[in-house]
Amino acid sequence: MSEEQGIRRREFMAVGAGAVAAALAARQSLAAPEPRIVVARGGAKMPPDEGAYARVKAALEKHGGFKELVSGKKVLLKINGTDKSFQDANTSTSCTAAVIRVCRENGARVVKVIGQEWDGYDCKRADGPTLREVIKAAGAELEELIHWWLKTEQYVKHVPKTGGWKELWVAKEIFEPDAVVINVPRCKTHHFTLYTGCVKNCIGLTWHMYAHHCTDDRNPKAGASDQHPARVAGWAMFPAKLAAAYHEVYRPRIALNILDAGEPALGWGGPKPERLRTFPASTIVVGTDAMAVDAYGMQLLHEKEPALIPTALADWTKGDSVYVQANLTKGNYLAECQKLGAGQADLAKVRIEEVKVD
Amino acid sequence: MTAQGSALGNRGNTNGRPERAYHARSPRRWCPRRGVVRPYRAKRGRGAFSQGVALGYHSTPRWGSRALIVALALLSGCKMPWPAKRAAGPAQVLKAADAALADMAFTNVAEWPGARLFDYMDGAAEAYFRRRFLTLASADTKLGRTDARIELFQVRSAADAATLFDDHNDGKGTKLPVGVASALWEAREMEAIFHRGPFFCRLIIYGASPEAHKLLAALAAAIDNSIPK
Chain A
1 MSEEQGIRRR EFMAVGAGAV AAALAARQSL AAPEPRIVVA RGGAKMPPDE
51 GAYARVKAAL EKHGGFKELV SGKKVLLKIN GTDKSFQDAN TSTSCTAAVI
101 RVCRENGARV VKVIGQEWDG YDCKRADGPT LREVIKAAGA ELEELIHWWL
151 KTEQYVKHVP KTGGWKELWV AKEIFEPDAV VINVPRCKTH HFTLYTGCVK
201 NCIGLTWHMY AHHCTDDRNP KAGASDQHPA RVAGWAMFPA KLAAAYHEVY
251 RPRIALNILD AGEPALGWGG PKPERLRTFP ASTIVVGTDA MAVDAYGMQL
301 LHEKEPALIP TALADWTKGD SVYVQANLTK GNYLAECQKL GAGQADLAKV
351 RIEEVKVD
Chain B
1001 MTAQGSALGN RGNTNGRPER AYHARSPRRW CPRRGVVRPY RAKRGRGAFS
1051 QGVALGYHST PRWGSRALIV ALALLSGCKM PWPAKRAAGP AQVLKAADAA
1101 LADMAFTNVA EWPGARLFDY MDGAAEAYFR RRFLTLASAD TKLGRTDARI
1151 ELFQVRSAAD AATLFDDHND GKGTKLPVGV ASALWEAREM EAIFHRGPFF
1201 CRLIIYGASP EAHKLLAALA AAIDNSIPK
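Residue numbers (this note's numbering), protein chains in the order written: chain A, 1 to 358; chain B, 1001 to 1229.
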């Protein structure tokens, strides 16, 4: 952890990520900082499903207000199901099942998983179920948003005023008055944008998702060809466009973020020589501020691979890390969000409350 | 305002059903080359290809006409007046591999040419376009209780396929007796890659049991042997 964020890496490693909350809190001013996140850690010796449920339940109880949030409501869960080959790149089946379960236990009228994904719902595992099977077994609905090249009435137009947007289509269901949107991404690296967690997971709620890294929002063909000038130039717009879309459109609709860091993933899709790999963290991070949650998620990855993964507000364009070198955005979308005041990614200014799960 | 009728929807219409239905379940399927949905054509045989999911059919002259043309060609001492048989694409390679494997059948066979690769794999497609990607054939198969996913990419040249292999290879995998070069990584799932000619093959085996190893060995060999040498 960087000095700017209030605690040295040596301290973090010495006390373990779990105790970082106390160390950070000790350095805070007397005034309670906002926002706050709750980190539940433990249950590693439990069966995966039980461990995930124990962490989710403990984190939500500590966070408070969950029953009031979901009781009698239509809960929309945005998980990450983008990888059809490896479940390690998607929100885990254990976490997905746990979140659905706590929603139902707390009186949610309807629980629906929603998103434009790439068959990750059917991604297999030798010793476990698919996401689709878990969603069905847990009693939730599944709304697969139509891909961007097909006609549909699932989306509604919401154009951010900043970021250079001209057109943005977002799942209309999340704007329904009684809908409660809960963001449940996997904590992992991303080949082209370095990190993906809560903020970036929102892209799966949009129709022409490639418009986030394309200069032409209206032409899907531009987004689908890496030879198209609009796309070649588009990646540099990604931090500003995603930040604007998150700040103005997604953030107001996201009621809660639950980051699945049971086994954070590195090397999803590369960059070479990185390969998809996970490490056990047995952690769930909960908070209303997606940036604060993402900052903690990045910190977990950074502490695991400090030479490869920068911290949330660091410069993601400098250094020898293969992730930095592969960062097509030539920027840091979390830092752009920070500039817009879309949340707090400086962990030194976040109140971190720890829950231990036995 | 909704998206109904937008220019964005110019590549087909699911009539409100999930798009994936066209790949796996619907009796109609998306025709990537023409950009329309057409009824699939059943073919005789075994495996998934017998269910009409093989792609890349092309019309040929009727037998009567063909015999006449052959006779004319032989008489004139010329080459055949229609193009030579098209080089095998990845779907044809998988079809041949499927036929060669007695213990398993390919299902959910689909082809993803050009920009449609984005429909298959999201932004990760960028890495393949950099290596002059042409098309991908994907399929699932199973041996006993072990599932596997097959991805066979075709790029413009053997050199592109070799570069694509290098892109994926961290040098830490073990070798398989297939392809010009190969690598295998074992974890919860096994991932194997190899390349030969303009083809780059990626196999995901869901498990690491003896059965999974047997599946991998047979599948990789069948695909490799089906690539035109």
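Hint data in this document are derived by calculation from the structure and do not stem from the laboratory.
C-beta atoms are modelled at their ideal positions from N, C-alpha and C, and glycine is treated no differently.
Possibly wrong hints are sitting among the right ones.
Anything over 12 Å on all C-beta distances counts as not near chain A; from chain B, calculated [to be verified]:
id, residue
1, Gln1092
2, Met1121
3, Ala1124
4, Ala1127
5, Ala1148
6, Ala1181
7, Ala1187
8, Gly1207
9, Lys1229
Short, incomplete list of chain B residues facing chain A, as computed with Cβ under 10 Å [as the list claims (entries may be wrong)]:
id, residue
10, Ser1157
11, Tyr1206
12, Asn1225
Tested hints:
Residue placement check: B/Gln1092 keeps its beta carbon more than 12 Å from all beta carbons of chain A (closest about 23 Å). Non-interface status of B/Met1121 relative to chain A is broken: a Cβ of that chain comes within 12 Å, the nearest being about 6 Å off. At the 12 Å boundary, the C-beta of B/Ala1124 falls inside the reach of chain A, the nearest C-beta of that chain being 4 Å off. Some Cβ of chain A comes within 12 Å of the Cβ of B/Ala1127; the nearest lies about 7 Å off, and the non-interface call is violated.
The non-interface label for B/Ala1148 is inconsistent with chain A: the shortest C-beta to C-beta separation is roughly 9 Å, within 12 Å. A cut-off of 12 Å between C-beta atoms confirms that B/Ala1181 is not in contact with chain A; the least separation is 15 Å. The non-interface label for B/Ala1187 is inconsistent with chain A: the shortest C-beta to C-beta separation is roughly 8 Å, within 12 Å. Its beta-carbon lying about 4 Å from the closest one in chain A, B/Gly1207 breaks the requirement of being farther than 12 Å from that chain.
Annotated as non-interface, B/Lys1229 keeps its C-beta farther than 12 Å from every C-beta of chain A; the closest such distance is 28 Å. The beta carbon of B/Ser1157 comes no nearer than 18 Å to any beta carbon in chain A, farther than 10 Å, and the hint placing it at the interface is violated. Proximity of B/Tyr1206 to chain A holds as hinted, the smallest CB-CB distance being about 5 Å (cut-off 10 Å). The beta carbon of B/Asn1225 is not positioned within 10 Å of any beta carbon in chain A (closest approach about 24 Å), and the interface hint is therefore violated.
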